[in-house]
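Quick mapping for you: the protein sequence lines, in order, are chains U and H. Just remember that this note's numbering sits 6 ahead of the position in the first sequence, which is counted from 1. Just remember that this note's numbering sits 6 ahead of the position in the second sequence, which is counted from 1.
Hints in this document: simulated from the structure, not taken from any laboratory. Heads up, some of the hints might be wrong.
Identical copies go unnamed one by one, so any copy, or any two together, can satisfy a pair.
[Said to hold, decoys possible] Below, computed lysine-lysine pairings styled on DSSO-like, alpha-carbon distance capped at 27 Å:
#: 1; residue 1: Lys30; residue 2: Lys18
#: 2; residue 1: Lys102; residue 2: Lys30
#: 3; residue 1: Lys102; residue 2: Lys151
#: 4; residue 1: Lys102; residue 2: Lys136
#: 5; residue 1: Lys151; residue 2: Lys87
Below, each chain spelled out in residue letters.
Protein chains: 2
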Amino acid sequence: MNQALQDQYSPKSACFGCGPVNEKGLRIKSYPGQDDTVTARFTPEPHHEAFPGVLNGGIIGALLDCHSNWTAAYALMRRAKADAPPCTVTADFHVKLTRPTPMDAELELSARAVEVQDDRATIEATLTAKGKVCATCRGTFVAVKPGPPAYHRW
Amino acid sequence: MNQALQDQYSPKSACFGCGPVNEKGLRIKSYPGQDDTVTARFTPEPHHEAFPGVLNGGIIGALLDCHSNWTAAYALMRRAKADAPPCTVTADFHVKLTRPTPMDAELELSARAVEVQDDRATIEATLTAKGKVCATCRGTFVAVKPGPPAYHRW
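Make the full structure from the sequences, and use the hints.
Here it is, written out as structure tokens:
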């Protein structure tokens, strides 16, 4: 399997959700597949629970947000035929929890771009555990250009 | 100021977002006000960042999700004239990030129920930093009854 997008393009990031150097973060690793789908796997830690045995919805949102953000950055990179993804930020994300997400499972995240424009992409994603979709997410992510005040200031 | 809802009604919870005993969690404290608004304050920790100086969107979602959930539980308790809130779970939440949320500020969460039924409430919430709204959230939270399979299995 190829290198994760985070390790390849943002190895020094300390983002809570996806920064490789954030030891207290979720350190999501997102891998592009053969088609346009980007996938990741995540095993919850005990302090991520909501109730005993059930994963917290905020952590579910954090996983889906960062994974979808990387899916958007990758889609924009491919559309622009660029060598690296742009810096993208979340405009919005809508999480639906369809059943409890168990703590004792490796979770599967799957995301794909459903609409791509020059500077933004809309992403649909699912979180699956033990073969069942436990959560879905639809979000829009926007590329921001380097240099103040726009950069990191969408 | 009165006791926080979490400390009063769920002091042993280990929820990542709002459990008083989760030392690695966000430990949100939600306080009902004189009107129907429920408020909380939160100071980000360094590992909650997205970029340097900017709070991660997943953490923002986690704050808004748990705070809104407690706002829903409190609204349902008042509607039912009950002595304690029901156990509520998140059905969905939609986070909009309108500007970067700074790390170097005490954040203010404010939420209120905009629709309340017997077993669910829809909540609108804002996250404000330095006097500016940085994020909004609208979510629906559902009461679940004790006893398997319904309890914690909405």
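Checklist entry - Which numbered hints turn out to be false for this structure? => result none
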